[in-house]
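**Student:** Here is what each chain is made of, one letter per residue.
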Amino acid sequence: MDPGSHGRESECKRIFALLSEYLDAELPADSCDEIEAHLKDCPPCLEFLESLRKTVELCRGFRPGELPGPLNEAVRRELWERYQRALRARSSAGGAGT
Amino acid sequence: MTIGEAQQQEIELARRLVAGEPGAFERFVELFRNKVFQYSLLMCGHHEDAEEVAQDALFKVFEKLDQLREPERIRPWVFRIARNACLMKRRKSVFAPAQELSLDELMPQAGEDGGQRKLDIADWSNLPEEQALRAELQRVVRQAIEELPENYKTVLILRDIEGLSTAETAEALEVSEEVVKTRLHRARLAVRQKLDWYLRSRRGRQTAERAN
Ligand SMILES: [Zn+2]
Numbered sequence: 001m002d003p004g005s006h007g008r009e010s011e012c013k014r015i016f017a018l019l020s021e022y023l024d025a026e027l028p029a030d031s032c033d034e035i036e037a038h039l040k041d042c043p044p045c046l047e048f049l050e051s052l053r054k055t056v057e058l059c060r061g062f063r064p065g066e067l068p069g070p071l072n073e074a075v076r077r078e079l080w081e082r083y084q085r086a087l088r089a090r091s092s093a094g095g096a097g098t
Numbered sequence: 001m002t003i004g005e006a007q008q009q010e011i012e013l014a015r016r017l018v019a020g021e022p023g024a025f026e027r028f029v030e031l032f033r034n035k036v037f038q039y040s041l042l043m044c045g046h047h048e049d050a051e052e053v054a055q056d057a058l059f060k061v062f063e064k065l066d067q068l069r070e071p072e073r074i075r076p077w078v079f080r081i082a083r084n085a086c087l088m089k090r091r092k093s094v095f096a097p098a099q100e101l102s103l104d105e106l107m108p109q110a111g112e113d114g115g116q117r118k119l120d121i122a123d124w125s126n127l128p129e130e131q132a133l134r135a136e137l138q139r140v141v142r143q144a145i146e147e148l149p150e151n152y153k154t155v156l157i158l159r160d161i162e163g164l165s166t167a168e169t170a171e172a173l174e175v176s177e178e179v180v181k182t183r184l185h186r187a188r189l190a191v192r193q194k195l196d197w198y199l200r201s202r203r204g205r206q207t208a209e210r211a212n
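Chain order of the listed sequences is A and B.
End of the first sequence = 98 in my numbering, gap-free, step of one.
End of the second sequence = 212 in my numbering, gap-free, step of one.
Check the hints yourself; a few may be wrong.
[Said to hold, decoys possible] Ranges of calculated distance between the beta carbons of each label pair, as one might list FRET restraints:
#, chain 1, residue 1, chain 2, residue 2, range
1, B, Ser125, A, Pro68, 35 to 43 Å
2, A, Ala17, B, Gly115, 24 to 32 Å
3, B, Glu209, A, Ala37, 41 to 49 Å
4, A, Ala17, B, Gln116, 51 to 59 Å
5, B, Asn34, A, Glu57, 18 to 26 Å
6, B, Thr207, A, Glu66, 22 to 30 Å
7, A, Glu73, B, Leu31, 14 to 22 Å
8, B, Asn84, A, Arg60, 19 to 27 Å
9, B, Arg134, A, Pro68, 21 to 29 Å
10, B, Thr207, A, Pro28, 17 to 25 Å
11, A, Glu57, B, Arg200, 43 to 51 Å
12, A, Ser92, B, Glu72, 17 to 25 Å
13, A, Ala37, B, Gly111, 23 to 31 Å
[Unchecked claim] Pairs of lysine to aspartate or glutamate, EDC-like flavour, derived with a Cα cap of 16 Å:
#, chain 1, residue 1, chain 2, residue 2
14, A, Lys54, B, Asp123
15, A, Lys54, B, Glu129
16, B, Lys60, A, Asp33
17, B, Lys194, B, Glu105
Since the hints were derived computationally from the structure, they do not count as laboratory data.
Note that the Cβ used here is the ideal one computed from N, Cα and C, for glycine as well.
Taking the hints into account, I'd like the entire structure generated from these sequences.
**Tutor:** Now the structure itself:
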């Protein structure tokens, strides 16, 4: 990396904005090629990308917490009744939803 | 399980649910009660609130189930209901103003080290493996997510924790896919920054301990 080069730094900045889309494979092929070419020559951007990739991994593996217990029986009955009403409404609407 | 596999299984479950197939109701309630609870726990921060939100959302889901025309949209549909249930809950307590995260503030500073440009970030090359430290890392992740501004937090939870696609998240939150991508990136960067601070302070403590 050439520290005096403003062109290079603005390229780093532009790529910085695209890194999540790059990780999520949501970029068009030409943008991906461009980023990969940049990363090959820019260790700081590569290092940063790794830290972002590990952050995403940690978020994906994170479980916020467990439900304290099973659903209350009265609530389950009420849900079941609403479910049955919805099914009747669907069938009387003539097989809606297909 | 990949995002695509979980998505297909949940869509299949929704098809069986609206077709009235036996067992689908129990499976659906169990699965989505848990999902909505996880989501609302991070959004509201309280166990009791999150449990109530999960229950309110399920009531709404079954009340409106006859309106679900396309079972393949079950995930965004449920989470839109969950989000509204969370907002209803929040209205009773705090009302936080919308806050924006700026890309510039999330970009690390670069310095020089022996003629090489070097980023001023922690060493991420070997994250702690020991269980106690992993648990500590999880606590940092939780806190970092909880501290995100609401608009960013909801996107990160749906995309990275619940595993919704960009399109599904956009539909659940009623925003464009571009907005989802922008917010997700900034949310991840903000979480990364907090983890970075933690890793550096941990490294600092270790160095201090060795010096003693
Ligand atoms: Zn770069």
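**Student:** If a hint holds in the structure, say so; if it doesn't, say that too.
**Tutor:** Here is how each hint holds up against the structure:
no.	hint	in the structure
1	B:Ser125 x A:Pro68: 35 to 43 Å	39 Å, holds
2	A:Ala17 x B:Gly115: 24 to 32 Å	28 Å, holds
3	B:Glu209 x A:Ala37: 41 to 49 Å	43 Å, holds
4	A:Ala17 x B:Gln116: 51 to 59 Å	24 Å, violated
5	B:Asn34 x A:Glu57: 18 to 26 Å	22 Å, holds
6	B:Thr207 x A:Glu66: 22 to 30 Å	37 Å, violated
7	A:Glu73 x B:Leu31: 14 to 22 Å	19 Å, holds
8	B:Asn84 x A:Arg60: 19 to 27 Å	26 Å, holds
9	B:Arg134 x A:Pro68: 21 to 29 Å	24 Å, holds
10	B:Thr207 x A:Pro28: 17 to 25 Å	45 Å, violated
11	A:Glu57 x B:Arg200: 43 to 51 Å	19 Å, violated
12	A:Ser92 x B:Glu72: 17 to 25 Å	23 Å, holds
13	A:Ala37 x B:Gly111: 23 to 31 Å	25 Å, holds
14	A:Lys54 x B:Asp123	12 Å, holds
15	A:Lys54 x B:Glu129	13 Å, holds
16	B:Lys60 x A:Asp33	46 Å, violated
17	B:Lys194 x B:Glu105	12 Å, holds
Hints 4, 6, 10, 11 and 16 from the list above are not met by this structure, while the remaining hints are.
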